[in-house]
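**Q** Modelling step: build the complete structure from the supplied sequences, incorporating the hints.
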Amino acid sequence: MRLDRERIFAYSLLLPCFAFVFLFAFFPIAYSFYLSLHRIVIGLPALGERFVGLENYLALLHDRVAMKALLNTLVFVAVSTALEITFGTVLALVVHQRFRARGLVRAAILVPWAIPTVVSSQMWRFIFNDKYGLVNLLLYGPDVSSYRAWLADPFWAFVAIIVADVWKTSSFAGLLVLAGLQTIPDEVREAALIDGAGRWQRFWRITFPMIRPAILVAILFRTMDAFRVFDLVFVMTQGGPADATNVLQFYGYKKIFAEGLMGYGSAVSVLVFGVSFIMAMAYIRVLGRRLFQ
Amino acid sequence: MQLRSILLLAIFLLLLPVSCSQKAGEGKKVLHFVTWKPNIPEAWEEIFALFERENPDIDLDVQIGPHSSTAFHDMLTQKLKNRSTDVDVFLMDVIWPPEFAAAGWAMPLDDIFKDREEFLEGTILANTYKGRIYGIPLFIDSGVLYYRKDLLERYGYSPPRTWEEMVAQAERIVEEERKRGVEIYGFSGQFKQYEGLVCDMMEYILSNGGYLVEDGRVGIAEEEALEAVRFVRDRIIGKVAPRGVLTYQEPESLDLFIQGKAVFHRNWPYAWNVANNPERSRIAGKVGIAVLPHFEGGRSFSALGGWQVGISRFSRNREEAVRFATFLTSERVQKILALKAGRAPTRKALYDDPEVLKANPHFATMKDVFLTAYPRPRSPLYPAISNILQRYFSRVISDPSSDIRAEAQEAAREIERVLSLVKE
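Which chain is which? The protein sequence lines are V and X, in order. Here the first sequence is numbered in numbering that gives the first Met the number 0, starting from 0 and rising by one per residue. Here the second sequence is numbered in numbering that gives the first Met the number 0, starting from 0 and rising by one per residue.
If you are wondering where the hints come from, they were derived from the structure by calculation, not from laboratory data. Hints may contain errors.
Unchecked claim - Only some residues are given here: those of chain X computed to face chain V with a beta carbon under 8 Å:
{"no.": "1", "residue": "Pro65"}
{"no.": "2", "residue": "His72"}
{"no.": "3", "residue": "Asp73"}
{"no.": "4", "residue": "Ser83"}
{"no.": "5", "residue": "Glu98"}
{"no.": "6", "residue": "Gln192"}
{"no.": "7", "residue": "Tyr193"}
{"no.": "8", "residue": "Pro241"}
{"no.": "9", "residue": "Leu245"}
{"no.": "10", "residue": "Pro379"}
{"no.": "11", "residue": "Pro382"}
{"no.": "12", "residue": "Arg390"}
{"no.": "13", "residue": "Ser393"}
Since the structure is predicted, the reported quantities are computational estimates derived from the model, not experimental observations. Don't be surprised by glycine CBs; every beta carbon is placed ideally from N, CA and C.
**A** See below:
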């Protein structure tokens, strides 16, 4: 009797949370999936919502623009995450040292991360501008004739997007690694010192193994987040030139909002969801027991 | 990202009742007008103020969207799709009426728009879908060629009639000017992956006797079209025009020209006033204007652009909306736009107005261009067609080694697939 009442109380506490997750996570995902099985064109309500089964998905497999966007996205995820984790770890090691004004430096490092992505993308667009951009000024000085149109070049435009992302989110990775660093007890380090371990040895034998879980968490966050990159591309290049910076999320957005192909665009979104979901599952498998228990 | 949008949504929902209650008051009706960021804001502010003065019962709420037509389309259709009552009157690009009509977003205006014969025929056609009219033309745009009068005179040239001539003149002028220590490019235009790219490329293709989409047939993979695209890739981009044009929309390309850094410039009529405004331009008074060139054996075409005033079917203030739309497209407001913002009127009578011609002497010569300006493919699925075209053009012109024919055939197949949707 008492147990039941307790259980009812527990459920009533959980209910709002479940309702929230259902309304804002499960329902949209399920609805996207439903839409992706239909042919819906916003500009042509007369077509109605015809059920077409997996037609959209089959078309997606043969859509070379979508496949290119998927490849772009994966390259973006791999390169930007690798760089962010590296720089983040370096940042964390630096601000973990004791020096004057450390608090100030720690706060300053977080500034790029605190700036809204739309704003920082706009800033990077100016920095890479072909006529008055800072990059050209730094590289070529007053020699205007050799200024390059970075964002007009398929390769450099892609590099520019990665640079902007690395600049913005390295500090976030750094923050996670710093949290890991702070869990290392001083005694371990002191013991290593007494045993005569050098700096390099101390890092690879002690520090690194102990911050590895934190690094893994940072990688997890960054890959999942990088896979859904959208705002950088939207502001800086609109997917151009020649789709060199087109990423999956932006492609899906274009399909739905610019072209009005609701069903097809939803199939793209479901693909994004599917890949992120698989990645998340893989991470939980690999890191699972250690981190999520 | 997802978490952030959830939070935003939650905050938005919390604020909703507050913002709604704030709007009511004073017994005035609030009329929502959705427009884009204007090039010359003063002219528009004058017009809005005039309307509010003459209609004291209406409070005009001007919502300013992005300058890019594509981005503005995304924003506006998002609101209309959700049947937002936050939109009463809106601006429509010349390519949207079929889509807005088929989707049931724009209100048919047959009952209130009577004096249609006063307008340029092309603009009325662009607003008509299945026999009903959905927008009132506000101003017309068509691509024109601007050039540096002083430079052409210095080297003894008259404005080029063909694209080949333009490139030859540009190359020589750039070379000679460089010897004199002046850094200048030959040409600037709009070649970013966006709607404007379709306009610019269409002008090259049509002036070589090609076509984009005509009566359900796709022409981009035909010889004339391929030749024109190849010309742009091999002779314009990174040659007479800097590679940077691949990232340029109208404002960036115009900047280059008014900084005195380009001999030739393709733009819409509004650029005339900006280029001749000594406060903004270094070449004021040195600007010439001409009909766009064509290829040997072809004739000039310019893309029909321009904006219409539409009324949302979900508007709760229809009477006020009609009043505002009629006001905005009236002769006197079009005249203000012509005088202060350089916008070419859609009302034929204004082309004989001495004041308008004094402020825009080029209108006299441009009237023929406006009369023959050519529309982009008219279809409710135009946005999808345009995206395929943008992707194709951007892909082939930004890569000097691209296989234009193969890309064109692939894009043509994609467009045919889209067209087949409408046929069903």
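**Q** Next step is simple, just say for each hint if it's right about the structure.
**A** How the hints compare with the structure:
For X:Pro65, the interface hint is violated, the least distance from its beta-carbon to any beta-carbon of chain V being 11 Å, above 8 Å. Because the smallest distance between the Cβ of X:His72 and any Cβ of chain V comes to about 7 Å, under 8 Å, the interface hint for this residue holds. The interface hint given for X:Asp73 is met, as the beta carbon of that residue sits about 5 Å from the closest beta carbon of chain V, less than 8 Å. Nearest Cβ of chain V to the Cβ of X:Ser83: about 15 Å, over the 8 Å cut. The hint is violated.
Among the interface hints, the one on X:Glu98 holds; its C-beta lies about 5 Å from the nearest C-beta in chain V, closer than the 8 Å criterion. With a cut of 8 Å, the hint placing X:Gln192 at the interface with chain V holds, because the nearest CB-to-CB distance is about 3 Å. Taking 8 Å as the C-beta cut-off, the interface hint given for X:Tyr193 holds, the closest approach to chain V being about 6 Å. The criterion of a C-beta within 8 Å of any C-beta in chain V is met by X:Pro241, whose closest approach is roughly 7 Å, and the hint holds.
Interface restraint check: X:Leu245 against chain V, minimum CB-CB distance 4 Å, threshold 8 Å, status holds. At about 5 Å, the closest approach between the beta carbon of X:Pro379 and any beta carbon in chain V falls short of 8 Å, and the interface hint on this residue holds. The restraint placing X:Pro382 at the interface with chain V holds, with a minimum CB-CB distance near 5 Å, inside the 8 Å limit. Among the interface hints, the one on X:Arg390 holds; its C-beta lies about 6 Å from the nearest C-beta in chain V, closer than the 8 Å criterion.
Checking X:Ser393 against chain V: minimum C-beta separation of about 5 Å stays under 8 Å; hint holds.
Comparing the model with each earlier hint shows violations of hints 1 and 4; every other hint is respected.
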